[in-house]
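Engineer: Top line first, the protein sequences correspond to chains A and B. Heads up: the first sequence begins at 60 in my numbering, then just goes up one per residue. Heads up: the second sequence begins at 60 in my numbering, then just goes up one per residue.
Any given hint might turn out to be false.
Pairs involving identical chains hold if they fit within one copy or between any two copies, as the list cannot separate such chains.
Below, computed lysine to aspartate or glutamate pairings styled on EDC-like, alpha-carbon distance capped at 20 Å [said to hold, decoys possible]:
id, residue 1, residue 2
1, Lys165, Glu146
2, Lys107, Glu200
3, Lys165, Asp203
4, Lys165, Glu200
5, Lys107, Asp69
6, Lys107, Asp68
7, Lys165, Asp92
8, Lys188, Glu95
9, Lys188, Glu163
10, Lys107, Glu95
11, Lys107, Glu158
12, Lys107, Glu64
In case anyone wonders, no lab produced these hints; they're calculated from the structure.
2 protein chains.
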Amino acid sequence: MQIREATDDDWPHIWPFWHRIVAAAETYAWDPDTSETAARALWMNPAKRVYVAEDATGAVVGSAYLTSNYGGPAAHIANAGFMVDPEQGGRGIGRALAEHVLAEAKARGYRGMVFNAVVETNPAVGLWKSLGFTVLATVPEAYDHPRHGLVGLHVMHRAL
Amino acid sequence: MQIREATDDDWPHIWPFWHRIVAAAETYAWDPDTSETAARALWMNPAKRVYVAEDATGAVVGSAYLTSNYGGPAAHIANAGFMVDPEQGGRGIGRALAEHVLAEAKARGYRGMVFNAVVETNPAVGLWKSLGFTVLATVPEAYDHPRHGLVGLHVMHRAL
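Sequences are here, hints too, so could you generate the full structure?
Structural biologist: As structure tokens, this is what we get:
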């Protein structure tokens, strides 16, 4: 597996799993009906660094972004987001992307990373904890999960 | 004092104190050099409801916005921001704006409100607590304050 910066040409390969993940409405606090145009503007935003994971065949199997979580006097705290093709789960792609993005964030001078809204039922919570993130807080009943009903949103943090 | 929805004509009266507050870099995690154009796009964003407080002479002495803090399955949690002309402090303008915005949020169906980044040294923390907000978490060393150095950013929450 190779992780590299994304180019515009990667978007058509990201969109199918991006759409599937957001439409499922189980892990992202974004409109499940987000159009491809809006999704592209959101994910491939020039203010963000965007990465893709390619498997040995050159297929794009995951993507991540890195940006500042705040501006001005708090711009040294990073934010990141991750999507892995659900058909490629269990292969360590999420972990590899996360390790890459954490290293990039540190190299670029960020002093910490915050995830603002991790759905507490998302299996990725365990991955983030194994990478050194802690749950700072849980916003109660903040996410209406299609199977679990109202669940909390974790604010997770790791120093860099 | 009267609180009403803002119109485009209010912006020139908001900008002087908006700029003064953000340039001071003590309470907002926004670029202190934010231009007027960028500030207007940020504050008078059509996705937000914007309010102003007028004193008895009709002068705009404060402003607030109300929006969703997240999208999709979490869009029932509100976010808000408040600015009061520093020359008009101690007159209860912030409290009046906050009570108005909390009532508006509840009337519009929001189930809770979250502030993502309240600088822990901001005197407004006491106001938010007196209005029923609790500090869910503090992101450590997240805000570089010009007098206090690195201080935390509170995530504050209130059910509606």
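Engineer: When no copy is specified for Lys165 and Asp92, does a C-alpha distance of 20 Å or less occur within a copy, between copies, both, or neither?
Structural biologist: Cα proximity of Lys165 and Asp92: none, with 34 Å in one copy and 25 Å across.
Engineer: Reference check for the pair Lys107 and Glu95, CA-CA at most 20 Å: within, between, both, or neither?
Structural biologist: within (18 Å within a copy, 23 Å between copies)
Engineer: Between copies, within a copy, both or neither: which fits Lys107 and Asp69 at Cα up to 20 Å?
Structural biologist: For Lys107 and Asp69, only the intra-copy Cα distance (15 Å) is at most 20 Å; the inter-copy one is 33 Å.
Engineer: Taking 20 Å as the upper bound on the Cα-Cα distance, should Lys107 and Asp68 be classified as within, between, both, or neither?
Structural biologist: within (16 Å within a copy, 34 Å between copies)
Engineer: Is the C-alpha distance from Lys188 to Glu163 at most 20 Å within one copy, between copies, in both cases, or in neither?
Structural biologist: within (19 Å within a copy, 38 Å between copies)
Engineer: For Lys107 vs Glu200, is the C-alpha pair at or below 20 Å within one copy, between two copies, both, or neither?
Structural biologist: Answer is neither: 29 Å inside a copy and 23 Å across each miss the 20 Å cutoff.
Engineer: 20 Å Cα cut-off: does Lys165 pair with Glu146 within a copy, between copies, both or neither?
Structural biologist: Classified as neither; 30 Å inside a copy, 41 Å across copies.
Engineer: State whether the alpha carbon distance between Lys165 and Asp203 is at most 20 Å within one copy, between copies, both, or neither.
Structural biologist: between (34 Å within a copy, 18 Å between copies)
Engineer: At 20 Å max between alpha carbons, let me know whether Lys107 reaches Glu158 within a copy, between copies, both or neither.
Structural biologist: within (17 Å within a copy, 36 Å between copies)
Engineer: Checking Lys165 and Glu200: alpha-carbon separation at most 20 Å within a copy, between copies, both or neither?
Structural biologist: Classified as between: cross-chain Cα gap 15 Å, same-chain 33 Å, threshold 20 Å.
Engineer: With identical chains treated as interchangeable, where does the CA-CA distance between Lys188 and Glu95 reach 20 Å or less: within a copy, between copies, both, or neither?
Structural biologist: neither (32 Å within a copy, 41 Å between copies)
Engineer: Quick one: Lys107 to Glu64, C-alpha cut-off 20 Å, is that within a copy, between copies, both, or neither?
Structural biologist: The answer is within: 11 Å in one copy meets 20 Å, while 33 Å across copies does not.
Violated hints for the displayed structure, listed by number in ascending order: 1, 2, 7 and 8.
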